[in-house]
Amino acid sequence: MKQFVRSPRDVGAVWPSSQWLCDGMMAGIDLQRARYVAELGAGTGVLTRTLLQALPDNARLDAYEIHPSFISVLETIPDPRLEVCMQPAQQLNKSYEVIFSGLPLLAFTPAQRQAVLARVKASLHPGGYFIQFQYTSQIERELSHHFDWQRRRVWLNMPPAWVYQCSFGSPEGK
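Okay, so the sequence shown: first residue is 717 according to my numbering, each after it adds one.
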């Protein structure tokens, strides 16, 4: 909560994500087959730890975070599959099968949002997934410019959140 009060434009939540939100973000994604996964805005690592439990031993999870206090927490997670990346989402430069995000996109400027969404799309494997949660549905028009998407509501999270499962293309090139 302290980080949110200090920097509400950069920290997307007053409280860490709930297990219900983590489960809602991972629903329908076959993480046992994933090898390259990213998390944008990893925060204190609640989703990070849940992803590491679900990923196979030969997977890699890159956790992107810009806040030094959160980076310090993430660096205490003892898992060789985790790499903490101290850079903003606009600097994604690898290719991923799944990208999870808790970034507060609506707190970003329109130019920043477009840069993040374009970079995410460029970093996804064809047929890959971008999973984004938000507390309102106001991001939908912008998501539609980049992705096909479906959403689900996670009512048990505090506050309730929308989870967007976004994709484009397919492994077959459709």
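Keep in mind the hints are simulated off the structure, nothing from the lab. This one's a predicted model, so the numbers in the text were calculated from it and none came from an experiment. Backbone N, C-alpha and C fix where the C-beta goes; we use that ideal spot for every residue, glycine too. Among these hints, one or two may not hold up.
For each label pair, taking beta carbons as the anchor points, the in silico distance ranges come out as [said to hold, decoys possible]: (1) D864 / S785: 15 to 25 Å; (2) Q854 / A831: 11 to 21 Å; (3) R797 / P826: 28 to 38 Å; (4) D864 / T792: 34 to 44 Å; (5) D795 / T825: 32 to 42 Å; (6) E799 / Q748: 33 to 43 Å; (7) P826 / Q748: 33 to 43 Å; (8) Q828 / S853: 15 to 25 Å; (9) E858 / T792: 31 to 41 Å; (10) P794 / S853: 35 to 45 Å; (11) E791 / Q735: 15 to 25 Å; (12) R857 / T792: 13 to 23 Å; (13) P796 / R749: 18 to 28 Å.
Going down the list of hints, with the structure as the test:
no.	hint	result
1	D864 / S785: 15 to 25 Å	violated, 36 Å
2	Q854 / A831: 11 to 21 Å	holds, 18 Å
3	R797 / P826: 28 to 38 Å	holds, 35 Å
4	D864 / T792: 34 to 44 Å	holds, 37 Å
5	D795 / T825: 32 to 42 Å	holds, 34 Å
6	E799 / Q748: 33 to 43 Å	violated, 20 Å
7	P826 / Q748: 33 to 43 Å	holds, 37 Å
8	Q828 / S853: 15 to 25 Å	holds, 19 Å
9	E858 / T792: 31 to 41 Å	holds, 35 Å
10	P794 / S853: 35 to 45 Å	holds, 38 Å
11	E791 / Q735: 15 to 25 Å	holds, 23 Å
12	R857 / T792: 13 to 23 Å	violated, 39 Å
13	P796 / R749: 18 to 28 Å	holds, 20 Å
Of the hints listed earlier, those the structure fails to meet are numbers 1, 6, 12, in rising order.
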